Structure formats: C-alpha cells, structure tokens
Amino acid sequence: MPYPFLLKIAAVTLWRSWRATAVLSFMIVTAVAALVFLSALAVGTNDAMIRNSTGLFSGHIAASGIREADVAQLAMPGVSHVLVRRHLPVILRHNSLIEPVALVGIDPDREQEATALPGKTVAGRYPVAGEAAISISQDTADRLGLAVGDAVTVADGQGVGLKSLTVSGLYRTGITQLDQGMAFCPAAALPAGAASVSAAFFLDADTPLDTTVARYRQRFPAGTFTPWTEFMPDLKQLIDLEYICMAIVVTLVFAIVAVGISCSFLIFTLKNLREHGIMKAMGLEAGETALLLLIQIGLLTIAAAALGTLAGTLTTAVFAHTGIDISTFTSHNQYFAVSGILYPRLTGEALLTPPLVAVVFGLAASIWPIVYIIRKNPADILRNF
Amino acid sequence: MLDLQGVSRHFISGRGHVAALHDISFAVEGGQAVVLTGRSGSGKTTLLNCIGTLDLPDAGAILYQGTNICTLSSRQRNLFRRRQVGFVFQAGNLLPWLTIAENLQFPLELNGIRGAAQQRRIEELLAVFGLSGYDKALPAELSGGELQRIAFARAIAHAPAILLADEPTASLDSDNSRRLVELMLALCTARGTMLFIATHDQELAGMIETVIPLKDGKMETRP
Ligand SMILES: Nc1ncnc2c1ncn2[C@@H]1O[C@H](COP(=O)(O)OP(=O)(O)O)[C@@H](O)[C@H]1O
Ligand SMILES: [Mg+2]
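As they're listed, the protein sequences go chains A and B. With the first letter of the first sequence counted as 1, position 315 gets the number 315 in our numbering; the numbers rise by one all the way through. Here our numbering runs 1000 ahead of the position in the second sequence, where the first position is 1.
Be aware that one or more of the hints could be misleading.
Result set (EDC-like, lysine to aspartate or glutamate): computed pairs, CA atoms no more than 16 Å apart in a straight line [what the hints assert, rightly or not]:
| no. | chain 1 | residue 1 | chain 2 | residue 2 |
| --- | --- | --- | --- | --- |
| 1 | A | K376 | A | E288 |
| 2 | A | K376 | A | D210 |
| 3 | A | K8 | B | D1023 |
| 4 | A | K8 | A | E288 |
| 5 | A | K163 | A | E131 |
| 6 | A | K8 | B | E1102 |
Covered stretches of chain B (in silico footprint by chain A; criterion: 3 or more residues with CB under 8 Å from a CB of chain A, positions within the stretch not fixed) [as the list claims (entries may be wrong)]:
| no. | segment |
| --- | --- |
| 7 | 1052–1063 |
| 8 | 1082–1089 |
| 9 | 1095–1101 |
| 10 | 1105–1116 |
Derived, one-sided and incomplete: chain B residues facing chain A with beta-carbon distance under 7 Å [stated by the list, open to error]:
| no. | residue |
| --- | --- |
| 11 | N1049 |
| 12 | G1092 |
| 13 | T1189 |
None of these hints come from the bench; they were simulated from the model. Only a predicted model underlies this, so the values are computations on that prediction, with no experimental measurement involved. Quick reminder that beta carbons are idealized off the backbone N, C-alpha and C, glycines included.
Isolated chain A (complex conformation) (with noise of 0.2 Å):
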C-alpha cells in the first residue's frame, strides 16, 4: 500500500467526518490555546517581577568599588542606563534626634528616567539637579520628626555639623532596604568625604544577563558587578519555582487530555469498525492498519495544536496590548512594589511546549485504539453487522 493513499484515506476521513473530527479536536485545541497562554502570563509575571524589582531603584546589575577612573567608561551596547550614586555615610540630626543613613549623591534627571523610586514620592518632590535638598524616607522623616520643608543637618560620623540641606520630599517603597538607612541628594549637595561609587545597569530587554555581567567584570576588575539573580536570589528561587509548576501544569493537563483523546479516538475508531473490518477484509495489514490510525491521529492533533497555538497566541496579542491589572492582589508584595500590571509574553518555550506536548501525548493515545483494531479479527467485526 502506498503511503500516499493511505495518507489520503486519513485526510478525507478526518475532512468528511468532520463533525466527528471537530469534537475531537476541541479538546486539544482549548488546551493548547489555554497552556500557551497560561505560558506566555507566566513569562509576563516573572518579567513584572523583575521589572518591578530591578527597576525600583537597583538596576539588573549592581556594581560597587567602582573607581573615580572608570566612572566614564561604564557604558556599553546593550545597557540602556548607567546610574552612577556615590555613597557617603553620614548621621542625619534634627532638633536632638539623630538618625544614621547612607546619604547617596545621585543625577535626579537621569535616576527620574531609568528607575520608579522617584515616583514613590508621597509627599513634596524629588530634589532637583543642583539644589542642596534631600530626600528621605517616610520612615525617617517619622522618626527625625521632619516634615516636607523642614532643614537637616548632614553631620559626619563624630557629629561634626557638615552641611544643612532642605527636606525636598519624602517616599515610601514598602522595602526595608530602600526605606531605612538611606537618603538621597544631588550629587553636588553631597558634602565632600570619602564616597565609595556605586553603579546601578539597566539592560535592553534582550540583553542577556550573564555575559554582560562577566564583560563588566573583565573590563572593571577592581569593581563588584552582582546581577540580579544573585543579589535577589529569592526572586530567581521564586522564577525557577514558577517554571517548574509550569511544566507540572503543561505534563498534568496534557496527560489528562491524552486519556480523553484516547477515550474519543477509541469511539471515533469503534464508530468506524465495520470500515476497519472490510478493509482488513481486503488485505489491509497490520501495519497499514497502525500507520492509518497514526496518520489519522497525527493529522488532527497537528492541526488542532496548530489552531490551539494560533488562538493562545491571539488571546496573548490581545492582553500583551491591553496588560492585566493585578494590583489588588499585589499592593503588599514587594515583587510588584512598582505596578501591579502583568503584560503576558511568548517564548520560544511558551510557544512551542504547548502544541509539542499535544502532538506527542496524542501519539501515545492512539496506541489503544490502534492495539484494539489490529488484535480485532475482520470476521468477528463483520459477523456483529
């Protein structure tokens, strides 16, 4: 038998039947279309969580011990922000309170481009390039007893009065990092001393982390470059997490669909007995029997998976433009301290996992009816007619 009519047979049976053929692929392509979404939200969900968390205020590389040199040699393709803060630990001191904080020289204009601590101001302003202002936490201000407009002195460590500089604004990120122990001023307000310089790196989304992180550190020996994944290692912990449950979802709902494809193609095989029976009849053997049932099988799996990859990545398109706001049930989690909108996005692996797992758990479902057919004597079948 050539392998063309037999691949002609499964395609007409599967087209003129296709009431039948539509049923059976509807599970597939739900499924398909739901995994590939599911994968593409959970692709946009680790993006919010790292946009939120690196771009708060630390960038996707940290760097320290940066010398005064190599300040201007910093950037590179690939990097779309390099944020240079100088930090200087000084005692900040109102009336006769006294609170010690990293006092961090910034360029307002360019941290107001790159990172969303600016916009966690919540009262008064973020100082402006050149003014001697500062901006400190809630939580500061709380415990200095300093509202917006209030003088501060910068003292030094021995409490040696350095400077007076006026509170700008005050903001409040909901991390202890960021909300204690730190303030922020323009870099010409910090008072002279000795500031260790520090880098903040925000990459082009398609930068990869690793190499640029191992460039950097090749270029700046001197310097301490972290990427994100190791200064946050319970955000990676978290991501890694969430792949694995995704790939628990993806085997789980397509073993499932696998035990109901091959429910149906046993009915859909039943249905068409007599058929297999006077085929077999006519000398069909065992194997072109197997080999039409599998080609039958393949093409409708192939095709609902194919239909089932086009409507995820429909559904993905649709919420990828309009992103889904889950700030309700983010406004206490600091993986989301900026905002709250997911925007669902496909990968390689969102797009291709889904519609390869169908095709090959498919396969393996049509062993049964396969094995039922072929161990089923033609005339035993035509005798029950």
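Once you have looked at the hints, place chain B with the ligands on chain A.
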C-alpha cells in the same frame, strides 16, 4: 482450482459446542459458480470465511492451486486475500467517507495498480455497472441496488480468482437481486473467476447450476 477436503470448524460459545462446519468436501474450477444454501445458522458464512482466509478450519484442508491456504502464515493469508479474493457482504460494503471512485481505488492501490491503468480500470468498471458519472458521489447518496453493484465492482476490480458473496441480495428487491446475480454470473464466467454466493433465497439458488446445500454445518445430498 479450489479443493476443500474434510473442512470442519467448531465454536465454543454460550450455547456450548457448535459444529458450524462438519466434514465439508468439494472442488470448484475457475469460472465455476457455486451457490451455498441453507437456513440461517447452517454454516454458510463460516464456510465463505474459511475459503476467504478470514477464519481457519480446525480440521481439513483448503487447497488453492495445490497449496493449502489454511497453513499459510497470517501475513501470507493477508496477501492471498489481497490478490486472489474479492468479498461482497450483505450490506454496508463501502467505506462511507470515500467516494465511489476512491472505494474502487482501494483494492487497486493494494495490488499496485496505479496511475493511468488505475484510472482506466475505474472508468471501465463504472461503465460496465451502468454507474458512469457516479465517481465523485459518496455511498450515502446511492440506492441499495447501486451500492451492491459498486460493492461487486470493487470486489472484482483487481481481478481476483475467487469472489465470495455472502447474502449479497438480502437488502434488495427481487428484481434488483436477479439482475445483480445475472451480472455476477456473466462477469465471473467471462473472466474465469470462481464465484461463491451464499443465500437462503431459493429463486436465486435456482439460477446457478452447482448448489451446495448446508444443514447444521453438514453438506446435504440434494433431494
Ligand atoms: N465466532 C463464533 N462464535 C460462536 N459461534 C459462531 C461463531 N461464528 C459462527 N458461529 C455459529 O456457527 C453456526 C454457523 O453460523 P454461520 O456460518 O454464520 O451461519 P449462516 O451464515 O449460514 O447463517 C451458527 O450456529 C453460529 O451461531
Ligand atoms: Mg451468514
């Protein structure tokens, strides 16, 4: 030549031990037509199945051109069926999702008859059976008589040596039945095909010279 020697087939079923065929012996020449008669349950289908290698006798031998087809491997029996045998069943012979032309194509593809030869053969068959222009129709669109004619056309499409028809006229009126059997007889005689028809219709049985009457699985001597 087909030679049956002491063919027996027993079944163990809910009714106990059933001798569906008991010690059947006869010989048939190419081009000869044989009618198997007998009441329902007399063993007609079982005998046709044994000749067509869909079933195996428990005892006896069926020699085709000197070879015992009962001792062939299942693959060889499959090939024997494919090349040498055509089946016509009571009803529902055609594959419902294939057109008439595709149904006729099936045994031709199985036997390696393709391309222009295949096309010619299909057109010729449709013409002989008065069904030209039906090639794109689906079986559901045809009448019972037309369906049985196509079933017969498909059974002889690959020019088998043996044609087995199990109550081929059971779903037809007497006019259609008579015409179908006449067509079968004429074509099989002309082509040298052995024809076996099982029927309980006495009128049809009268149309064929060689009658093998079965009763409870045994050959009856004609009264
Ligand atoms: N697979 C089977 N299992 C049990 N009994 C069978 C089987 N096939 C046939 N028989 C029995 O064998 C006898 C002959 O059956 P069959 O050849 O179908 O008769 P006919 O075709 O003349 O009506 C019947 O009694 C039938 O019940
Ligand atoms: Mg019968």
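Do the hints match the structure? See the list:
1. Proposed proximity of A:K376 and A:E288 is supported: the alpha carbons are some 14 Å apart, at most 16 Å.
2. For the hint pairing A:K376 with A:D210, the CA-to-CA distance comes to about 59 Å; that exceeds 16 Å, so the pair is violated.
3. At roughly 45 Å between alpha-carbon atoms, A:K8 and B:D1023 are farther apart than 16 Å, so this suggested pair is violated.
4. Among the hinted pairs, A:K8 with A:E288 is consistent with the structure: their alpha-carbon atoms are about 13 Å apart, no more than 16 Å.
5. A C-alpha spacing of about 13 Å is found between A:K163 and A:E131, which places the hinted pair at or below 16 Å, so the restraint holds.
6. Of the supplied pair hints, the one linking A:K8 and B:E1102 holds, its CA atoms being roughly 10 Å apart against a limit of 16 Å.
7. Restraint check on the segment 1052–1063 of chain B versus chain A: 3 residues with Cβ-Cβ distances below 8 Å, three needed, restraint holds.
8. Three residues within the 8 Å Cβ limit are the bar, and the segment 1082–1089 of chain B against chain A gives 5, so the coverage statement holds.
9. Remark: the segment 1095–1101 of chain B is confirmed as covered by chain A, as 4 of its residues place a Cβ nearer than 8 Å to a Cβ of that chain, reaching the required three.
10. Counting residues of the segment 1105–1116 of chain B whose C-beta lies closer than 8 Å to any C-beta of chain A gives 6; at least three are required, and the coverage claim holds.
11. A hinted interface residue such as B:N1049 counts as satisfied when its beta carbon comes closer than 7 Å to some beta carbon of chain A; here the least separation is about 5 Å, so the hint holds.
12. Hint on B:G1092 holds. Least Cβ distance to chain A is approximately 6 Å, under the 7 Å limit.
13. For B:T1189, the shortest C-beta to C-beta distance to chain A is roughly 23 Å, which exceeds 7 Å, and the interface hint is violated.
Hints 2, 3, 13 from the earlier list are contradicted by this structure; the remaining hints agree with it.
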